[in-house]
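*Asks:* As a plain string of letters, each chain reads:
There are 2 protein chains.
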Amino acid sequence: MIDIALLGFGNIGGGTAEVITENRELIEKQLGTALNIKYILDLRDFPESPFGHLVVHRYDVILNDPDVKIVVEMMGGSHPAYEYTKAALLAGKSVVSSNKECVANFGAELLAIAAEKGCRYLFEASVGGGIPVIRPMMVDLAPVHIKSVSAILNGTTNYILTKMANEGLAFADVLADAQKKGYAEANPAADVEGLDAARKIVILAALASGVILNADEISREGITKITDTDMKTAESFGYTIKLIGRFEKAEDGKILCMVSPRFVSKANPLYTVSDVFNGILVDSDMLGEVMFYGKGAGKLPTAGAVVSDILDAASPHRVSTMQWRLANADDIADVESYSCGRVFSFEGNEGDLDEIKRIFNPTSCLVENGKISIITDAMTERSVADALSICSLKLISKFRTL
Amino acid sequence: MIDIALLGFGNIGGGTAEVITENRELIEKQLGTALNIKYILDLRDFPESPFGHLVVHRYDVILNDPDVKIVVEMMGGSHPAYEYTKAALLAGKSVVSSNKECVANFGAELLAIAAEKGCRYLFEASVGGGIPVIRPMMVDLAPVHIKSVSAILNGTTNYILTKMANEGLAFADVLADAQKKGYAEANPAADVEGLDAARKIVILAALASGVILNADEISREGITKITDTDMKTAESFGYTIKLIGRFEKAEDGKILCMVSPRFVSKANPLYTVSDVFNGILVDSDMLGEVMFYGKGAGKLPTAGAVVSDILDAASPHRVSTMQWRLANADDIADVESYSCGRVFSFEGNEGDLDEIKRIFNPTSCLVENGKISIITDAMTERSVADALSICSLKLISKFRTL
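The listed protein sequences derive, respectively, from chains Y and U.
Taking the working numbering, the leading residue of the first sequence gets 1049, the next gets one more, and so forth.
Taking the working numbering, the leading residue of the second sequence gets 1049, the next gets one more, and so forth.
No lab work stands behind these hints, which were simulated from the structure alone.
Check each hint, because a few of them may be wrong.
Stated by the list, open to error - Calculated pairs, DMTMM-like style, for lysine to aspartate or glutamate (alpha carbon to alpha carbon, straight line, at most 25 angstroms):
| id | chain 1 | residue 1 | chain 2 | residue 2 |
| --- | --- | --- | --- | --- |
| 1 | Y | K1077 | U | E1131 |
| 2 | Y | K1314 | U | D1323 |
| 3 | U | K1302 | Y | E1076 |
| 4 | Y | K1314 | U | E1215 |
| 5 | Y | K1195 | U | D1360 |
| 6 | Y | K1077 | U | D1113 |
| 7 | U | K1077 | Y | E1164 |
| 8 | Y | K1229 | U | D1333 |
| 9 | Y | K1280 | U | E1283 |
| 10 | U | K1314 | Y | D1323 |
Said to hold, decoys possible - Counterexamples of contact, computed for chain Y against chain U with all Cβ distances above 12 angstroms:
| id | residue |
| --- | --- |
| 11 | G1178 |
| 12 | D1323 |
| 13 | V1415 |
Note that the coordinates shown come from a computational prediction; the quantities given were computed from them, not determined experimentally.
By construction, the Cβ of each residue, glycine as well, lies at the ideal position given by its N, Cα and C atoms.
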């Protein structure tokens, strides 16, 4: 029997107990022995729950119990999740986490401790919910060089953008509806301003490069300024707008990591990733593009990913080898030099097209209702700023393409 | 240093040598030691190749060399691939294979030998080329019950169907073009008649159920009879036609496995899997739908998958646990009871709609150019036969939906 402890008995914690109970037989077959939840740490009591008798309120009960081999951290936030994780790893217990904030902020140190102590720190559920992506990137993509990652990583914003696209609604209206339905938090800032996606792309970038950036410091733009007109423009061009986390390795080996809304073309496999689904498109030197797709959130999908990590951690023969290094200034690519296709909309008419064409050399143009929209080939941020500074027309909106 | 031997120095064998050479530094870092190709078995000599000096013509040189820990079988076909694989495993050497025919035909026995001898039999490259799918299904989906798999598994047929859809061309014309471009074999039967896809879905079904069916015996229909008119009908309904390998577990636990062309709706993530790409959509009790997407064939993607298996096999701490059982008659679901949505086209006009509606109760109808096309809710094969037997109109074509 393998004893584990769950830290946090909220949505994901409850789901994890449910998966372990519902699929007990299958899990025991895979593991060759039973998986037993010995403790659940939570501030609250759950007298009505069938797991209520497992609840403890003090972490040292878990930490000091040598029978507990695996601690499952589903508390969220940085503290005390970080301190609890560190203490468990230092005690030689493996830790499974669904907590992207803790992984993004402290992953490098926690992975180093796990390696030193011969235990594991696993976090499949921290990115992409139920989608297998962390382990495939670590194991299946081990022999290839990852060149870029483009990913839809936040279900709430993707739901909002899908609704805007399908129903022609404005951002604020869809957000209010999503909040009413429980798809968006009362305070949606971390989602709609892209911080949640930033933490996740920083984790994926670390998997790809071995270097972890500070999620708070990467170039980040949310979806709050996207209008229904922008969405209609995208549709007219055969695109849609998605919030994209993007990692790429520049030619000089430096790392670029950003979150921003982008025009995504119909030819891109991320185009059809709709509603609360997530998609992670990884480009590498040998495999070309591979994509992982599925439910990026939700109780059971996320809990399923947690339990697959528990099985992995419970396998006695695995060791931790992955190491991350904190990024320093030399690792980070200059965002000003970042080059990609662009979309601009200006106030203007047919008569203004000559100026636009001269300055931007667009590949597509659309003129309607006093508005000129264009798509360009790759331009750097710097050349965008230069071009806009000499253009006499009033800019309405600008986007990157993917 | 870990010594390996490559069996077969064709397209995939050459690609594998290339990946190991090009990414030597990365592989050594992952492995903690160098990966060395000691022998290449082939009937031919390759005096011009930088690997030419490694070529041997007798397998016993490899088999009797105790330094060779991993044998990489990329010969294709059943024989002597099966005999060579079995001999290697019996000698305690792990085997990595890209050979779907050998895995589908002899996987159960070979996995049993690997488990008995404490070595590994791995075949990530046998399905979906460079797409990580076998290992994610084994490891990440270990704690969940897989309910169904729907997959585009053959790049050649998907290329042909994409061309037919995009350019309105007939099957024979596109096939001729694909053969000219090297996307289709001179003898394309295994692809266009669905045998290649059948072998792959049988392997995925075994991963999902632990039971392996005979690929030659599953219900199978290729793409040779699909007309440009069928494709236009699909488009009119907002669908496209794809060759789909389908596994599902019936309610009584029996296994259903089939390959057939299907109408795939725009809402399905497989809809946008175009050209030579593959997509594997897996539905499970906890994770919901996850999809794996990428290049299902090609020298470097397939070789990349082979090398990820070599790294896995070279990891000293892993053991083989997966076991397959050969299917017996009781395992196999009755195809006659298989239920899914249907598409029918009949010769007929507006005046015939009443009869059609009475018999088939369709959800959508399309009448044009003397042809009535309908989409229905789920019907069993048996009820399809019954309905067609009482319908007075001449059937032009029928398809399943997904």
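*Asks:* Of the hints given before, which are not true for this structure?
*Replies:* 1, 6, 11, 12
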